[in-house]
Amino acid sequence: MLNLFGQIVLLLCILASTGFFFLEVRKRYRLVKTGLKDEKRWDKPVKRLGFVVARVATQLCSIKDRPVVGVMHAFVFWGFVFFTVATINHVGGAFGKGFSLWGKGLFNDLWFLGVDIIAVFCIIGTIYLAVRRYFVKPIAITKPMPISRSPQSAIVLSLIFGLMLTYLLNQGAEIILIGESFAKWMPFTRATVPLMAGMSAGSLHILNSFFWWSHILMVLAFLVFIPHSKHFHLLAGPINIFLRSHDPIGTLKKVDFEKVEEFGVTNVNQFQWKNIIDFFSCVDCGRCQDVCPAFQSDKALSPKVIMMSLRKHILHESDNLLSGNAPAEPVMDKWITADEIWACTTCGACMEACPVSNEHIPTILELRRAQMMMENKFPQELNPAFKGLETNSNPWNMGSSTRADWTEGFEVPIMAEKQEVDYLWYVGCAGSFDDRGKEISKAFAKILNKAGVSYAILGEEEGCCGDPARRVGNEYLFQMNAEQNIETFKQYKFKKIVTCCPHGYHILKNEYNEFGGQYEVVHHSQLLAELISSGKIELTQNGNGIITFHDSCYLGRYNQIFDEPRSILRAATKQEIVEMPRAKTKSFCCGAGGGRMFMEETEGKRINHIRVEEAQKTGAATVGTACPFCMSMFDDGIKEKGIEDKLKVQDIAQIIANAMS
Amino acid sequence: MKIIVCLKQVPDTEANIKIDTNGKSISEAGIKFIINPYSEYAIEEAIRLKEAGKAESITAVSWGPERVSEALKTALAMGVDDVLLLKTDSYSVDSFATAGILAAKLKTMEYDLILMGKETIDDGSMQIGPMLSELLNIPCVTVVTKLDVDGEHVTVKREVEGGSEIIETSTPCIITCQKGLNEPRYPSIRGVMMAKKKQVTTEQVSFEGENLSINKLSYPAARSEGKVVGEGADAVAELVRLLREEAKVL
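As given, the protein sequences belong to chains A and B, one line each in that order. Be aware that the first sequence starts at 1, since it is given in this note's numbering, and climbs by one per residue. Be aware that the second sequence starts at 1, since it is given in this note's numbering, and climbs by one per residue.
Same shape as in the complex, but just chain A (with noise of 0.2 Å):
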């Protein structure tokens, strides 16, 4: 207990902390609130409030990526949670003698058991996090530099350590001074007791106190620090894993031509209030670059570099957005440069890595749209496959007449004709143009004919998804094409909607309903697994040898699709798939995403050469994909090394229409 100067002065200090703790919050709470609205953050709280404690109690975010640091982590997180409590008891101490939240008793005995264990945990963890972050320095929390170069993770490791280790010493101070019935379950408290042995009972008391004001001390420090540095997480990155989106990785918000003049973000006051609690919310870890194919590939962008370019744009433009003024500059150039976000693929890596839930490709994605529309900034390798868009209704500007040119010497039943059908099989552009692409259309065309299918093409009348526009801000164009599919669509009966390729599924099934548009579309691995089980059709031959597959990322990440075209593979292979490493949720993009298939590819390393050496590490002959732009980067990967007698592509229906009688 402290006497009323001890008292007084405790106070004050308290009053000062949390005073500069809740300024410095509600300063980044009023700049959250000068987003733009975003209303589906609050739908399903419960679902949302499970999730976080799914996520966030168990430090599964953290670990899920990253075991053992992760653990490390956990361990700290842990401390925190307990100490938080346990400051309570501390200040309480310095009003009342022996205060305890839980009084006397048992409960009181194991709380104090359990943060003297905690207490332990959380500094074998700050130590380790140390030496991970000072001498082992992985590339995800040193590069790229300078922006990795801040001391703040310094400080607030030394003040976790120095928040236990005082908190032992002055417990041990206590033990010799107070006596062993203070310290029943205390066992790592009770070892910090030789190192104060033998002192005098008046040495002894001005070591615990001074033991027990550094602890608070610390306390009330960190308290003033947490929310000016990334480590504003703590109380950031719970909230934003609540706010998460529910809809598939990267599904972007309709522009409404009819209301809005400005399109996307060109200053930082048109982001919405969830992507501001994001840029609050990273804490540079990387787990985001470590995945990301444009960074691994050496490349401009580092999704985490985004979020803390944005974070510091923002916090520099706080006396303009808090008076209600434009900010001063725009986002680009000096913030963030057009190489990053040209750069990124869409692959969605850095979102399903991210542990505290970021949405770092609608912010990209928001940033490309204002850059294509309102600066008329892009890469000028698009600008065909644009023109091409506009007047063909595909990236290549081949002949709209010509779409369905490849069913030459097929059946394939065109929907004019039919007019009513089970599944309306949407070819795409790729499908319908690409040499490749067409030979997977073939083989597909192939399969549904034997399998008795009922189904029909559009024709010259099919468009182009749109995907390509979308995903490098052309939201204008892609409506255009969404528009204008939606209207054909009407025309006609159908059940389900089949499509070869992961753009035209992904963008018809989940972001077409926003223009009235809503289907339930197929994937072809999805409607192969089932004319296999059901013994539509039967797979005798097996000439692939091993087999490796290719996850593409909106199949896989954006739609969780990932055991159809695996079971599609053992059936046709008649034996188990050899992974990739990277597989599944993990899976490595192939570079063609986000319209990067029709942009050159100049700086780095080139996405797909990478992912072709990880199939070609597997010793698998042939690597199975289920998207024609992933089979078109496969194929250009697998022949600009030269290694067309070791590794084939091959998409999924291909393989199948070998493996048919």
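Derived by calculation from the structure, the hints in this document are not laboratory data. None of the values given here were measured: they were computed from a predicted structure. Just so you know, even glycine gets a beta-carbon here, dropped at the ideal spot from N, CA and C. You may find that some hints are simply not true.
[As the list claims (entries may be wrong)] Heads up, incomplete: computed chain B residues facing chain A, CB under 7 Å, no partners named:
(1) 12
(2) 14
(3) 16
(4) 32
(5) 34
(6) 186
(7) 188
(8) 189
(9) 190
Start from chain A and add chain B according to the hints.
Same frame as chain A, now just chain B:
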């Protein structure tokens, strides 16, 4: 400096061209129309001159049926200031008659520089520029790949067989644009939205003194398939023989 850009709307390069039942024109059913690619160089060059502070206004002029408004709207979206459609019921195959309707209107307008494509990809006569210059009595330089304007002084580089020539002239003049002059921009969506709201000024005109008409259109002869002579070094002799005796290119 005031610039006038003359542009034409033409069928898309990838369009599947079918002759109409009358045998004298092409069927427009299912055809997508675009701005003539050479006209795009003219539009782009005009916009660049304006962006460089060398031009104060750009007016795009076109002729043809109502659908041409779309092409003019695209020009607006790219960045021209005003557009004018000289509405005609059809197109004329007579370049002089076409140049005539343009000249009649342009005589009533103010301009220092007229930019247009070196030819259109539909009829490809390459005549409108020189004919218009005669009718307006101003100089014309054709097939230009580089344009420098310095006040009234105009320096251009034009393509000639096996090389290029630098020509100097002065405003007012007509420049017909060739590929290589610039890389036309994709119209910004903001521009597209603004263009949507703008009206296309339209004036009804008619061709006068047409001396040419189409009698009959026919498809080019189908190209014969390629021939694989053989493989490896043994096939070279046969290939050379065929190139010399059958194809007569050696």
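Here is how each hint holds up against the structure:
no., hint, in the structure
1, 12, "5 Å, holds"
2, 14, "4 Å, holds"
3, 16, "4 Å, holds"
4, 32, "5 Å, holds"
5, 34, "6 Å, holds"
6, 186, "5 Å, holds"
7, 188, "4 Å, holds"
8, 189, "4 Å, holds"
9, 190, "5 Å, holds"
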